[in-house]
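S.K.: Residue-level listing of the chains:
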Amino acid sequence: MSLAWLGAGIAIGFGALGAGLGIGIAASKVAEATGRNPDAANAIRTNGIIIVVFAESLGIFSFVIAFLLQGKAL
Amino acid sequence: MRQVIGIVLLLNGLAVLGAALTGNLPNWPPGQADIHVAEQAGTPLIHLGGEEHPSEGGVISIWNDISISNSIFTMWLVMGILVVIGVLSSRAVSEVPGRFQGAIELIVQGLVSFMKDAGGPRVVRYLPLFGTLFLFALVSNWLFLIPLVGQIELLHVPTADYHTNLGLALTGFIWYQAAGIRQNGWSYFTRWVNFPAFKEGPLVGAVMLIFVGPIELFSELFRILTLTLRLWGNVWGGEIVLAVLASLLFLPSLVLPFVGLELFIGFIQAFVFAFLVLLYIILALESHAGEEHEAHPEAHPDPSHAARPEVAHAA
Numbered sequence: 000m001s002l003a004w005l006g007a008g009i010a011i012g013f014g015a016l017g018a019g020l021g022i023g024i025a026a027s028k029v030a031e032a033t034g035r036n037p038d039a040a041n042a043i044r045t046n047g048i049i050i051v052v053f054a055e056s057l058g059i060f061s062f063v064i065a066f067l068l069q070g071k072a073l
Numbered sequence: 000m001r002q003v004i005g006i007v008l009l010l011n012g013l014a015v016l017g018a019a020l021t022g023n024l025p026n027w028p029p030g031q032a033d034i035h036v037a038e039q040a041g042t043p044l045i046h047l048g049g050e051e052h053p054s055e056g057g058v059i060s061i062w063n064d065i066s067i068s069n070s071i072f073t074m075w076l077v078m079g080i081l082v083v084i085g086v087l088s089s090r091a092v093s094e095v096p097g098r099f100q101g102a103i104e105l106i107v108q109g110l111v112s113f114m115k116d117a118g119g120p121r122v123v124r125y126l127p128l129f130g131t132l133f134l135f136a137l138v139s140n141w142l143f144l145i146p147l148v149g150q151i152e153l154l155h156v157p158t159a160d161y162h163t164n165l166g167l168a169l170t171g172f173i174w175y176q177a178a179g180i181r182q183n184g185w186s187y188f189t190r191w192v193n194f195p196a197f198k199e200g201p202l203v204g205a206v207m208l209i210f211v212g213p214i215e216l217f218s219e220l221f222r223i224l225t226l227t228l229r230l231w232g233n234v235w236g237g238e239i240v241l242a243v244l245a246s247l248l249f250l251p252s253l254v255l256p257f258v259g260l261e262l263f264i265g266f267i268q269a270f271v272f273a274f275l276v277l278l279y280i281i282l283a284l285e286s287h288a289g290e291e292h293e294a295h296p297e298a299h300p301d302p303s304h305a306a307r308p309e310v311a312h313a314a
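Heads up: the protein sequence lines correspond to chains S and C, in order.
Here the first sequence stands for residues 0 to 73, where the numbers follow numbering that gives the first Met the number 0.
Here the second sequence stands for residues 0 to 314, where the numbers follow numbering that gives the first Met the number 0.
There could be a bad hint or two in this list.
[Claimed, not checked] Not everything, but these chain S residues come out facing chain C in the computed CB check (under 10 Å): (1) Trp4; (2) Gly8; (3) Ala10; (4) Ser27; (5) Glu31; (6) Ile49; (7) Val52; (8) Phe53; (9) Gly58; (10) Phe66; (11) Leu67.
[Unchecked claim] What follows is a list of derived Cβ distance ranges for each label pair: (12) C:Phe266 / S:Phe13: 27 to 37 Å; (13) S:Ser1 / C:Val15: 30 to 40 Å; (14) S:Leu2 / C:Leu147: 33 to 43 Å.
Derived from the structure by calculation, the hints contain no laboratory data.
Beta carbons are placed, not taken as given, at the ideal position from N, Cα and C, and that holds for glycine.
Please construct the entire structure, taking both the sequences and the accompanying hints into account.
M.R.: See the structure below:
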């Protein structure tokens, strides 16, 4: 049963790794675009948030799975 | 500055001392952690049918518990807040708006202008759905600010219960399918069963029918799941983060920056939920128009189809 805890840790760890990489790449591009074209900062920020949310939701899925596994281990 | 830090530290010390004296200090004695973490789903208040404790053991159950749960009760409170604000703001509409009416008008105009930017003037008719989803999710997400919500039996943040989010997602799903069918008629179903593609050749038609259609259909169903879990995971996870931080650290006010973070996340997630439903509506409205556009470029000289940015395919 304790393997479920291990699985929960692996799930949230790798999920957060991937989501963090994705959000970092997207945010760096947003920063670059804002620097190149400061007039469009608002539109870029809105689009950036919307795109980042897709990467973030994958991290959230792994969080949910980790919590379900943790509930299984109890 | 130094005085402010001193006052904060003093208040923290007093809070920890008070908690220790009243026996409410979490995680003390060590090894007996008693962090009150919000439940995944609401607990039944009034039981109407089905099994008594269907979700014991962490199994996600949707069907076998029929009851009025605490999240439904809190949802009624949220609906009450929104209805009262709506009635108050529309009861005496004056030509020169007062401060309250001005604030409400600012919100509605912001939503309308955002919808126009995203999908053109024709999607403004979906303002009731978009605005309701946004405002409901926003008020629900921000309910955690109120003391006792999520801590006592009666109150549970509605969007921290996946049943509520599934209901919202299903509402959006049915609405955008209905919008697509209404706009495109029978040709809407060629998204999934694309017989007209056989005109391009048997191979193209077979690939469209066997591979692209099922993938499209699966992604439709996956949208419900992602909409549900994104909102639920963010709100519920945020509650857990706040509970853990407030009880693990012996400096309770360190949780305050994270309250700000959760405020931001609650706004962003409510906005994203409503915006994704709006995006699916826009995609459903344009479902078949793009292909017809390619086939007969002179038949539909509508430049707005081509000019619209298609962020949406990332979904």
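S.K.: Does each hint hold? Answer for all of them.
M.R.: Quick rundown of the hints versus the structure:
no.	hint	in the structure
1	Trp4	violated, 13 Å
2	Gly8	violated, 16 Å
3	Ala10	violated, 13 Å
4	Ser27	violated, 17 Å
5	Glu31	violated, 18 Å
6	Ile49	holds, 6 Å
7	Val52	holds, 5 Å
8	Phe53	holds, 6 Å
9	Gly58	holds, 9 Å
10	Phe66	holds, 8 Å
11	Leu67	holds, 6 Å
12	C:Phe266 / S:Phe13: 27 to 37 Å	holds, 29 Å
13	S:Ser1 / C:Val15: 30 to 40 Å	holds, 33 Å
14	S:Leu2 / C:Leu147: 33 to 43 Å	holds, 38 Å
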